[in-house]
Amino acid sequence: MKEAAVINPVEPFLRMDRMPHIWCPGCGIGTTVNCFARALIESGADLDRLAIVSGIGCTGRVAGYLKLDSFHTTHGRAIPFATGLKLANPSLQVVVYSGDGDLFAIGGNHLIHAARRNIDIKVVCVNNLIYAMTGGQSAPTTPPEAVTTTAPFGCYEPAFNLPYLAESAGASYVARWTTYHVRQLARSMNDVLHKNGFCFIEVLSPCPTLYQRRNRMGDGLDTMKYYKEHSKTRHGAATRDLELSLHGDIIVGKFVDRERPDYLEAMQHRLREQLGERFVEQEAVCA
Amino acid sequence: MQADPKGVLTGAHFLDGDQACCEGALAAGARFAAGYPITPSTEIVERFAARIPTIGGVFIQMEDELAASIAILGAVWGGAKAFTVTSGPGFSLMMEHIGYAAMTETPCVFVNVQRGGPSTGLPTLPAQADMMQARWGSHGDYEIIALAPNSPQECFDLTIQAFNLSEEYRVPVMFMMDECVGHMTEKVEIPPAERIEIRPRRHTSRLPGEFRPYEANGDGVPEMVHAGEGYRFHVTGLTHDEQGYPAMNPQAQDRLVRRLKRKVHDAAERIALYEEENTEAADVVVVSYGITSRVAQRAIEMAREKGIPVGKFRLITVWPFPEAHLRALARRTKAFVVPELNCGQIALEVERAAAGHARTIPVTHAGGSVHQPEQILEAIAEALR
Ligand SMILES: Cc1ncc(C[n+]2csc(CCOP(=O)(O)OP(=O)(O)O)c2C)c(N)n1
Ligand code: SF4
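In order, the protein sequences belong to chains A and B. Here numbering that gives the first Met the number 0 is used: position 36 in the first sequence is 35, and no number is missing along the way. Here numbering that gives the first Met the number 0 is used: position 132 in the second sequence is 131, and no number is missing along the way.
Just chain A, with the same shape it has in the complex (with noise of 0.2 Å):
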């Protein structure tokens, strides 16, 4: 390999006209961009033809700086927009990257629905346990006991376990990784490339800035070693089993790999079925 390369294969995926980034040091969002640019380049996917959506956050900001055709979009709708351009246009491998609020709060409702539709989009939620593009308030992952600016004397709501809600309303593939683990998640978003249907990997990454150092859980190095010493790989874990809490195990792992006809195959089929000779299948608009 030229050294160039194994100084910072990933940067022709960046904008690099974009740097510098936004994201605090010790951020873990960075080093789960850096895995998906290694998937990108392990899954020899058509770059021309992926297009990457995101919502609003600090993880909303990924799709800016990759150099893939790139959507911000607006707060918890980053998936129906991802619906709208896989469906117009089936021909491009849609990823969407986002938040734990965004995906789970505000945008909650699309991600269930989108799952249950089996829509052809892969979803990386990179999961900080809070809101931290607003600074620091409480997300429906947070865990009980932790302290948020909204929950001054630690959170008392039960959290979202993400693996669960997503394989519950259907998703077809779900993983569970963190950001210790890059190879693991470099693995993982390059299976999901190959993979057809709704896809969903949560990624669990620090926020010194605004969870770890008020909860005294130190600095991004501190966290990493936690994620070392707690977590534990069970693939195939029933996603019931995988409740976080602010100073426990994590398991991680591949909980759900399984095949179900996509939106669009389950669409075409019925029509089909019903219409026969009549049914006609859109065009691809950028063939």
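The reader is advised that the hints may include incorrect statements.
Cβ-to-Cβ under 10 Å is the rule here; a few derived chain B residues that face chain A [claimed, not checked]:
no., residue
1, Ile69
2, Leu124
3, Gly227
Keeping only pairs whose Cα atoms sit at most 20 Å apart, straight-line, the calculated SDA-like set for lysine to any residue is [stated by the list, open to error]:
no., chain 1, residue 1, chain 2, residue 2
4, A, Lys66, B, Tyr244
5, B, Lys5, A, Arg277
6, A, Lys66, B, Leu237
7, A, Lys66, B, Phe210
8, A, Lys66, B, Gln242
The hints are simulated quantities; they were obtained by calculation from the structure and are not laboratory data. Heads up, the beta-carbon is just placed ideally off N, CA and C, and yes, glycines get one too.
With the hints as your guide, set chain B with the ligands onto chain A.
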């Protein structure tokens, strides 16, 4: 460009306004619709769902109006012409994406078959009370185009116009129907495809590398590309520069927001569609739009029978408001009578445009039915007093 014959149901039909709107969208080349059921608009997408599988395209019923209103924007960036359809409560939910469409210059059509509001209001009965919401409902400064049809034939013809205008100016176009027009059945003539003029997308002929997605031409409208074509472009609702990259400073904001407004505002006279009759020697001009214009027509005839010369000005384009035209008219007439199915919305625009040269007399109605022609006649008489 001529319409694609696949979407054109040439011939004479009896259609209600909702059905005619759907046919207009198909004739205009819409091949993607997303919606969420709401009376009295649902028939439009029901027909689309039945028609599109044999034409080639997609209808998807989304989980809510927020989803429907951004799914169409995704579809447009995927290369389709797309629209969504709703009424009052759903229109309220769509506001964020009207702003996103304006900011990202995504051509698309939002159909609102107006019913009585606020809130759930009168689901099955007419109103015209979303006219200001159509113009101002999303946050920030921006401009849109809005058309108001008054018959099923216009629901067909003007839906095509709505798509054409959205492509020409790269703005969301509000198609402001009302329950009466949506549910009234009349004869609709659909011409042969080759007689329907379609505005194609302003697709760039530049190559990737030479193309800057938000660099505008002389008319302030940039060219467009679609995902999957190799341009690797960026689209954001953040304030952005010509490259499409976020630019968080007042200079970029000023440049962008003023261009977004100017490209529509400066074209107002070209966008203005209206019907004008006997305004030359009239002391009173009735200004109306949508279903109310048909009641106004009756009132104008009644006035003429009494020997009162009354002019008629029917707004077809409501936004951008044909201000210059109304101002010129105000210098020749004494008063404007403005009936509408709301408590006085467009009357304010008429008054503003008249700038003191003519009186403006609103004829308000809280919605749920249409005016009695006599109410309008009375206002005409008052205008002459
Ligand atoms: C409609 C709307 N409501 C609220 C906001 C403010 N807002 C911006 S980002 C954000 C939360 C982001 O949290 P998350 O999705 O977890 O992403 P993170 O910043 O943690 O990566 C909120 C509430 C907004 N932009 N739009
Ligand atoms: S606030 Fe948190 S999530 Fe946002 S960039 Fe900083 S560390 Fe990352």
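Status of each hint after checking the structure:
1. Ile69: Constraint on Ile69/B satisfied, holds at 5 Å.
2. Leu124: At about 29 Å, which exceeds the 10 Å cut-off, the nearest Cβ of chain A leaves the hint on Leu124/B violated.
3. Gly227: The hint holds - Gly227/B has a Cβ within 10 Å of chain A, the shortest such distance being about 4 Å.
4. Lys66/A with Tyr244/B: Roughly 12 Å between the alpha carbons, so the hint for Lys66/A and Tyr244/B holds.
5. Lys5/B with Arg277/A: Measuring from Cα to Cα gives roughly 12 Å; hence the hint holds.
6. Lys66/A with Leu237/B: It holds: about 18 Å lies between the C-alpha atoms, which stays within 20 Å.
7. Lys66/A with Phe210/B: Within the cut-off at roughly 15 Å; holds.
8. Lys66/A with Gln242/B: Judged against 20 Å, a Cα distance of about 13 Å means the pair holds.
Taken one by one, the earlier hints fail for this structure only at number 2.
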